[in-house]
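**Student:** The primary structure of each chain is shown beneath.
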Amino acid sequence: NAGVTQTPKFQVLKTGQSMTLQCAQDMNHEYMSWYRQDPGMGLRLIHYSVGAGITDQGEVPNGYNVSRSTTEDFPLRLLSAAPSQTSVYFCASSRTGQGEAFFGQGTRLTVV
Amino acid sequence: GQQVMQIPQYQHVQEGEDFTTYCNSSTTLSNIQWYKQRPGGHPVFLIQLVKSGEVKKQKRLTFQFGEAKKNSSLHITATQTTDVGTYFCAGSGGYQKVTFGTGTKLQVIP
Chain P
34 NAGVTQTPKF QVLKTGQSMT LQCAQDMNHE YMSWYRQDPG MGLRLIHYSV
84 GAGITDQGEV PNGYNVSRST TEDFPLRLLS AAPSQTSVYF CASSRTGQGE
134 AFFGQGTRLT VV
Chain S
9 GQQVMQIPQY QHVQEGEDFT TYCNSSTTLS NIQWYKQRPG GHPVFLIQLV
59 KSGEVKKQKR LTFQFGEAKK NSSLHITATQ TTDVGTYFCA GSGGYQKVTF
109 GTGTKLQVIP
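The listed protein sequences derive, respectively, from chains P and S. The first sequence maps to residues 34 to 145 in the numbering used here. The second sequence maps to residues 9 to 118 in the numbering used here.
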């Protein structure tokens, strides 16, 4: 049982480059979300989705896009990477938005 | 917007001492969850509290949800080196947005 799978695990980008962080879950969860984790700031919600075709902004959405074309996948796109986006990114899924969330292993992104 | 603060930010304890972290929300929560993140790892779910005044125990861990559903605490009795990590609370005022606390990083000195 894979749970939540994130790729890649590590990535280095140059300022201005774009990329997509992949997230897939095999638990048939409706709710998926993306967080970024920075030292001393906990986990901040970037975007979330309550089901296929439905997405909404979280606390820190600027510079990121998401889409949810299937229940399983919830990719996060960085449009034009900036050094301020250097962070660890976690994808999570849960059956509903209220219950236990399962996290992926994280993507450590460095923007130079 | 909803804000969830945790104190302390860091805590160093001698092995065998007790540890408590506190979580405070700016708004009333429908439920609160607690997660543990080991160094270099990802958050792992520990427990969820739903009812006002609820207390739950998991071995040496005791979780409490405040009467007003705006605060919560996690208490660890007789810490062990395996308790090292960062503990997060997470809450939502409704169905959709889950807000994580700032976390408490626990170091246990053998």
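For the record, the hints were derived by calculation from the structure and aren't laboratory data. There may be inaccurate statements among the hints.
[Said to hold, decoys possible] Capping the alpha-carbon separation at 27 Å, the derived lysine-lysine pairs in DSSO-like fashion look like this:
hint	chain 1	residue 1	chain 2	residue 2
1	S	K105	P	K42
2	S	K113	P	K42
3	S	K64	S	K105
4	S	K64	P	K42
5	S	K65	S	K78
6	S	K44	S	K113
7	S	K78	S	K113
8	S	K78	S	K105
9	S	K67	S	K105
**Student:** Against this structure, judge whether each hint is valid.
**Tutor:** Each hint, compared with the structure:
1. K105(S) <-> K42(P): Holds, at about 26 Å.
2. K113(S) <-> K42(P): Roughly 23 Å between the alpha carbons, so the hint for K113(S) and K42(P) holds.
3. K64(S) <-> K105(S): 24 Å, holds
4. K64(S) <-> K42(P): With a Cα-Cα distance of about 35 Å, the restraint between K64(S) and K42(P) is violated, given a limit of 27 Å.
5. K65(S) <-> K78(S): Cα-Cα ~20 Å, so holds.
6. K44(S) <-> K113(S): Holds. K44(S) to K113(S) sits at ~10 Å (cutoff 27 Å).
7. K78(S) <-> K113(S): With a Cα-Cα distance of about 21 Å, the restraint between K78(S) and K113(S) holds, given a limit of 27 Å.
8. K78(S) <-> K105(S): OK: K78(S) and K105(S) at ~16 Å, within 27 Å.
9. K67(S) <-> K105(S): Between K67(S) and K105(S) the Cα gap is close to 30 Å, so the pair fails against 27 Å, i.e. violated.
In terms of the numbered hints stated before, the structure departs from hints 4, 9, listed from lowest to highest.
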